[in-house]
Amino acid sequence: GAGVSQSPSNKVTEKGKDVELRCDPISGHTALYWYRQSLGQGLEFLIYFQGNSAPDKSGLPSDRFSAERTGGSVSTLTIQRTQQEDSAVYLCASSGGQGRQPQHFGDGTRLSIL
Amino acid sequence: GENVEQHPSTLSVQEGDSAVIKCTYSDSASNYFPWYKQELGKRPQLIIDIRSNVGEKKDQRIAVTLNKTAKHFSLHITETQPEDSAVYFCAEGGSNYKLTFGKGTLLTVNP
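Residue numbers (our numbering), protein chains in the order written: chain D, 1 to 114; chain C, 1 to 111.
With the rest of the complex left out, here is chain D (with noise of 0.2 Å):
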């Protein structure tokens, strides 16, 4: 695609409830990452992945929350028992080599939990 697709763009759901959050990265790109982004902040990494090795996770803010990414394209960002601090926009980013290239961002799903 020409860019990094996000969905949905926008999830309203209640407090303890699991949210899926899905990214589709630029064609060909081997690196994917998630960051969180709470109102009027920076971007708080959260995971990479690159290619077939593990992950790095070392961003995740607890065991609630957890991401795959199969066949080394799309990814899908997974919150369980969902929190009122949960809520921000969770922006996803991919790049084409070992992290070394520029990342480029999705549009971001905006999560409200109620």
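It is possible that some hints are incorrect.
[Stated by the list, open to error] With a straight-line cut-off of 20 Å between C-alpha atoms, the simulated EDC-like cross-links for lysine to aspartate or glutamate are: (1) C:K98 <-> D:E44; (2) C:K98 <-> D:D56; (3) C:K98 <-> D:E68; (4) C:K68 <-> C:D17; (5) D:K57 <-> D:E68; (6) D:K17 <-> D:D63; (7) C:K103 <-> D:D107; (8) C:K68 <-> C:E56; (9) D:K57 <-> D:E44; (10) C:K103 <-> D:E44; (11) C:K103 <-> C:E79; (12) C:K42 <-> D:D56; (13) C:K103 <-> C:D84; (14) C:K42 <-> D:D107; (15) C:K58 <-> C:D84; (16) C:K42 <-> D:D63; (17) C:K103 <-> D:E85.
Since the hints were made in silico from the structure, they are not lab data.
Once you've looked at the hints, dock chain C against the given chain D.
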């Protein structure tokens, strides 16, 4: 760990003036420094980046300077226009693949 300080947090200039945003970092292994522009409700977009083997890079009205000794780098926007209004983020990447972002600068260009 890595830490990036970005200043100012808000900046208001008159159209046609220059704007300068500064970032400092702590990791001496950092060697990649991108700048992103994020308009309200939009995705962050890369506007310029610099690697540690150069001290300055320009692209039309935008320039970035890097001082590795002092561990700081700056974004310079000349002849500002209202469409330059946005939040700007600096970031640094070191020996690994991660980028650490500053907290952003809200730039307002007044017509």
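Now the hints, each set against the structure:
no., hint, verdict
1, C:K98 <-> D:E44, "holds (11 Å)"
2, C:K98 <-> D:D56, "holds (10 Å)"
3, C:K98 <-> D:E68, "holds (18 Å)"
4, C:K68 <-> C:D17, "violated (27 Å)"
5, D:K57 <-> D:E68, "holds (11 Å)"
6, D:K17 <-> D:D63, "holds (15 Å)"
7, C:K103 <-> D:D107, "holds (19 Å)"
8, C:K68 <-> C:E56, "holds (11 Å)"
9, D:K57 <-> D:E44, "holds (13 Å)"
10, C:K103 <-> D:E44, "holds (10 Å)"
11, C:K103 <-> C:E79, "violated (24 Å)"
12, C:K42 <-> D:D56, "violated (26 Å)"
13, C:K103 <-> C:D84, "holds (18 Å)"
14, C:K42 <-> D:D107, "holds (6 Å)"
15, C:K58 <-> C:D84, "holds (16 Å)"
16, C:K42 <-> D:D63, "violated (29 Å)"
17, C:K103 <-> D:E85, "holds (19 Å)"
Going through the hint list in order, the structure does not satisfy hints 4, 11, 12 and 16.
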